[in-house]
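Novice: Given chain G, work out where chain Y should sit, using these hints.
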Amino acid sequence: MATFPFELVSPERVLFSGEATQVVVPASEGEITVLANHAPFMSALRSGVVTIDNAQRLFVRGGFADVSAAGLTVLAEQAVPLDEINAEALSGQIRNAEEDVRDAKSDEARARAQAKLDGLNAMMAAIRN
Amino acid sequence: MPSLKDLRNRIASVKATQKITKAMQMVAAAKLRRAQAAAEAARPYASKMEAVLANLAAGISGSDAPALLAGNGKDQVHLLIVCTAERGLCGAFNSSIVRLARERINSLLAAGKTVKILCVGKKGFEQLKRNYERHILEVVDLRSVKYLGYGEAEMIATKVIGLFEQGEFDVATLFYSRFRSVISQIPTAQGLIPAEIGSGEGGTKAAYEYEPDEAEILSTLLPRNIAVQIFRALLENAASEQGARMSAMDNATRNAGEMIKKQTQKYNRSRQAMITKELIEIISGAEAL
Chain G
1 MATFPFELVS PERVLFSGEA TQVVVPASEG EITVLANHAP FMSALRSGVV TIDNAQRLFV
61 RGGFADVSAA GLTVLAEQAV PLDEINAEAL SGQIRNAEED VRDAKSDEAR ARAQAKLDGL
121 NAMMAAIRN
Chain Y
1001 MPSLKDLRNR IASVKATQKI TKAMQMVAAA KLRRAQAAAE AARPYASKME AVLANLAAGI
1061 SGSDAPALLA GNGKDQVHLL IVCTAERGLC GAFNSSIVRL ARERINSLLA AGKTVKILCV
1121 GKKGFEQLKR NYERHILEVV DLRSVKYLGY GEAEMIATKV IGLFEQGEFD VATLFYSRFR
1181 SVISQIPTAQ GLIPAEIGSG EGGTKAAYEY EPDEAEILST LLPRNIAVQI FRALLENAAS
1241 EQGARMSAMD NATRNAGEMI KKQTQKYNRS RQAMITKELI EIISGAEAL
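For the record, the sequence lines run as chains G and Y. Note that my numbering numbers the first sequence so that position 90 is 90, with each residue one more than the last. Here my numbering runs 1000 ahead of the position in the second sequence, where the first position is 1.
The shape of chain G in the complex, shown without the other chains (with noise of 0.2 Å):
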């Protein structure tokens, strides 16, 4: 099948770099799956995992999407591949966040602090799949 490039990149590291067949993003609106070829578009993501060719797994929060001529890059704010994410370790930090919402001082911190709670949660919904 024919392949075409793919980079993750989030802000603080280069994830994947090379060519791929098959990638399935999770979109804002519905998890998109681009092959080769594919046209230009470009698209927000909502937290999820990005699954290239049926093998590596990764989670992603925030960030964009873009498919041009040049091929498809992930531009993530936050990227993990799933098999470094330990399950104990983040329910830990989940408890300790929902600790953080309760006993927020002020709405910004409150704000703040669910906001984390809403990604670490995404990111257990991701390993449970």
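Rather than coming from a laboratory, the hints here were simulated on the basis of the structure. Wrong hints could be hidden among the right ones.
[Said to hold, decoys possible] Simulated crosslink set (DSS-like; lysine-lysine; CA at most 27 Å straight-line): (1) 1129/Y x 1116/Y; (2) 116/G x 1074/Y; (3) 116/G x 1005/Y; (4) 1159/Y x 116/G; (5) 1277/Y x 1262/Y; (6) 1277/Y x 105/G; (7) 1074/Y x 1015/Y; (8) 1074/Y x 1261/Y; (9) 1122/Y x 1022/Y; (10) 1146/Y x 1159/Y; (11) 1015/Y x 1005/Y; (12) 1005/Y x 105/G; (13) 1146/Y x 1019/Y; (14) 1277/Y x 1005/Y; (15) 105/G x 116/G.
Keep in mind the model is a prediction, meaning the values are calculated, not measured.
Specialist: Same frame as chain G, but now just chain Y:
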């Protein structure tokens, strides 16, 4: 003429200083390696972001462009975000950033504009507050942060965007030091709002499909771009700081070595002179008998 004991003490103290500067140099070298790797890892994201933005901005132009992209049409109040280090002893690193910012402040003030300053890092604040204290809005302290993450940049970006939306300023400029090599760091001023977009290749004007629509994507992408630019500036700064410290400490170690050499020579000479003098005294005493 200092006594032998004085000389000995002086040599010992310079040696102790040399040990410290040597250690600082080695620590800076180790930290530099990490900071440099982080700065390099962040480059692809920032440049990709720029490319995507340039592509989008080419499609949207004229009056319907969002304020974060095109500015709000005014040019009266300037916000200067000055990123410096939290620690000193790194050569001219902090002062060269501050000098660049100061030049800009003076030329803006001379042109009758209002200047507001947001300091990131303690050292820049200390140098700027001497002359411009009433212009400084806020100081962001990153001393407690051990590893710079995207989160810190996002926090600063939120602050900046909040101020912009309240109409606190019209134009934002970011000051930091670009890391080119260990011996060369370039203080840089970069326009943040309105976004500084290189015309780039501008080539692929293919019919893009957007999901949701163009304006909505742009409105989430622009704040993120500001965070990314700040993040990049912070990382470049971190690498530059360590590079500057490393070469400053290298110089200090070398200077200390030279001083030790000179003092040791002086010490040996005066020791020898004393021995000779004593011998002459003994001999001439014996001859007199």
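Novice: If any of the earlier hints don't hold here, list their numbers in rising order.
Specialist: Hints 2, 3, 6, 7, 8 and 12 are the ones this structure does not satisfy, whereas the remaining hints hold.
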